[in-house]
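Colleague: This is what each chain is made of:
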Amino acid sequence: METTSRAYGVAAGLRKTFGLAYAQTLIGLRNLYPLISVGLIPGALYLMFFLVGGQELSQHVLYGALIAQALGAGLVSMPQFIVIHRDRRLLDMYIASPMGPLSYMFGFAGGRLIYMLPGMVILFSILLGFGFMQLHNLPATLLIVLVTFALGSMIGFTIATYTKSLFVTGAVSNILNSLFMMLPPVMYPLAIIPDRYQWLAFLAPTTAVAELIRWVNNLAELTSGRLTLCILLLAAWLLACLAMVLFKSRWREV
Amino acid sequence: MPAIEVNNLAKVYSNGTCALSDVSFSFPRGKVLTVVGPNGAGKTTLLRILGTNLLPTSGEARVLGYDVLKEPSQVRLRIAMVPQEGRPELYLTVWQSVFCYLLARGFRWKDARINAESAVKAMGLWERRHYMSSQLSGGQRQRVLIAMALATGAEVLILDEPTIGLDPIARRELNSFLGRLRNEATVIITTHMLDEAEYLSDQVMFIDGGKIQAFDSPASLKQAVPVSEKMIFDGSVEHKDFSALGLMTELGGKPVLYPNSREAAKRVIEIALDQELTVTVQPITLEDVYFFMLGKHREEEEGWKQQVGLTV
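Here the protein sequences come in this chain order: A and B.
As numbered in our numbering, residues 8 to 261 make up the first sequence, in order.
As numbered in our numbering, residues 25 to 336 make up the second sequence, in order.
It should be emphasised that the hints constitute simulated quantities derived from the structure, not laboratory data.
Hints are not guaranteed to be accurate.
Per label pair, the in silico range of CB-to-CB distance [unchecked claim]: (1) B/237 x A/16: 37 to 47 Å; (2) A/250 x B/41: 27 to 37 Å; (3) B/132 x A/185: 36 to 46 Å; (4) A/229 x B/36: 51 to 61 Å; (5) A/253 x B/36: 47 to 57 Å; (6) A/16 x B/37: 50 to 60 Å; (7) B/41 x A/91: 21 to 31 Å.
Glycine included, every Cβ here is placed at the ideal spot set by N, Cα and C.
Let the sequences and hints guide you as you build the complete structure.
Modeller: As structure tokens, then:
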């Protein structure tokens with residue numbers, strides 16, 4: 008049998024990430040029910056807010072739902088699957104291998120993308136179909152969505168390395184998801200919050216994400232200062248979460 | 025350089041459980057080591073520390089010369105592990121489980137295909153390579169995990185109770201395969217099946233209460249016990265007729281006598297002939313050694329052990 012001595016390095020890291028992502032994608036494609044439910048939720052959400060708040064509010068909801076899909080896939084869905092991976096003792100096999108926490112996290116996250124797909128397709132279809140988004144804004148919006156997904160995945164992965172129970176994992180993830188999604192102005196415009204309290208909203212990374220998505224799609228106007236703040240905040244959160252994965256996640260059991 | 029080198033290794037869990045206490049041993053390359061012990065003895069803890077899954081509380085452990093604490097990435101490059109009670113992904117086929125695992129370990133596509141095919145065939149799963157794990161029996165799923173580990177071609181294989189759920193033929197085939205791996209790889213196994221430990225292992229480690237109780241080849245362990253055979257009676261016997269000649273106990277409901285000496289054994293046969301009893305004389309096995317060394321014995325058994333000079 009051949010062995011590999013080149014299991015470290017960028018190319019090897021990409022192979023490792025791809026291997027796990029490929030496996031998780033195959034699993035996702037063989038489980039249609041979660042995909043259907045994930046696809047239905049944003050559609051139902053939009054309809055509800057459209058009926059209650061009309062078109063203006065519903066646009067914010069649509070962009071908020073995009074962020075919710077991306078964040079939820081990483082922060083809520085992924086850690087639960089990692090805990091299941093641990094329960095099956097498969098995580099032990101990956102730890103006892105050249106795959107490190109970063110490759111594992113990106114690989115698992117890559118596999119979760121398939122779960123995001125139905126909801127994203129529905130949301131983008133509504134946004135583009137009803138003229139709420141222009142096609143030329145799609146790449147930038149997608150980039151922000153992927154950054155949000157990466158953020159959620161890194162936080163979700165770190166949670167999963169500390170919690171051993173599916174119940175605790177789900178609870179912690181959902182608490183954080185609520186704090187990041189429901190309280191801050193993600194589903195509603197920032198302007199609703201009085202000026203003197205708006206700084207509080209920026210404590211959550213999703214506020215910066217929501218502001219950027221709205222600015223890209225002409226739903227909000229940002230001064231150059233506010234735009235820089237949003238970008239810097241997002242970058243800071245990304246770096247902090249990356250540091251958390253590399254240095255604080257419990258890859259090896261204590 | 026030994027394959028495994030452990031010095032004063034200890035592990036105390038956060039709930040206060042002392043799983044390993046001052047464990048030290050060395051094990052050479054290209055051999056098979058079987059770790060045996062009762063439930064909660066520390067076997068899995070030891071293997072998980074060597075597999076870099078678990079941090080020790082104190083002490084040092086080296087795999088192929090690399091420190092599991094300071095150089096885990098070097099250790100992980102050279103090992104593969106099958107954990108206890110593991111299950112493969114239910115919605116991946118046998119082939120996909122092995123192939124994707126190799127990719128995830130950094131194998132190139134072509135090498136992963138070659139190794140996966142070799143391992144799946146070695147585990148007798150080639151005909152079922154397109155079956156999803158959800159369609160396999162428990163023993164077949166266990167073989168998928170073993171194939172995943174074998175496919176890596178790792179220098180050290182760490183297998184925690186790999187034969188659980190395997191039928192006798194599959195178990196024998198796996199043990200034969202592991203035996204043939206000797207000289208190519210170092211294999212560390214835990215098992216409760218002492219018969220397979222006896223014929224597969226170069227060395228056997230008895231561990232109990234987090235401490236090594238015995239560590240030697242199966243033959244040497246048996247020689248350490250001053251009793252070389254046991255006598256199994258078919259039917260009930262009067263214990264008083266034999267109690268002075270050895271230790272009477274039972275095995276599967278049948279009376280068993282461990283004679284004090286060769287002369288005592290001859291005397292037992294004479295009595296059996298007189299009383300027309302059916303008795304079978306068998307050499308002692310590793311299981312008997314385990315029973316003597318690690319079993320919780322009654323007072324009379326402890327007294328007999330001292331009488332014949334059996335010390336742990």
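Colleague: If a hint holds in the structure, say so; if it does not, say that too.
Modeller: Okay, the hints, checked on the actual structure:
| no. | hint | result |
| --- | --- | --- |
| 1 | B/237 x A/16: 37 to 47 Å | 44 Å, holds |
| 2 | A/250 x B/41: 27 to 37 Å | 33 Å, holds |
| 3 | B/132 x A/185: 36 to 46 Å | 44 Å, holds |
| 4 | A/229 x B/36: 51 to 61 Å | 55 Å, holds |
| 5 | A/253 x B/36: 47 to 57 Å | 27 Å, violated |
| 6 | A/16 x B/37: 50 to 60 Å | 36 Å, violated |
| 7 | B/41 x A/91: 21 to 31 Å | 25 Å, holds |
Comparing the model with each numbered hint stated earlier shows that hints 5 and 6 do not hold.
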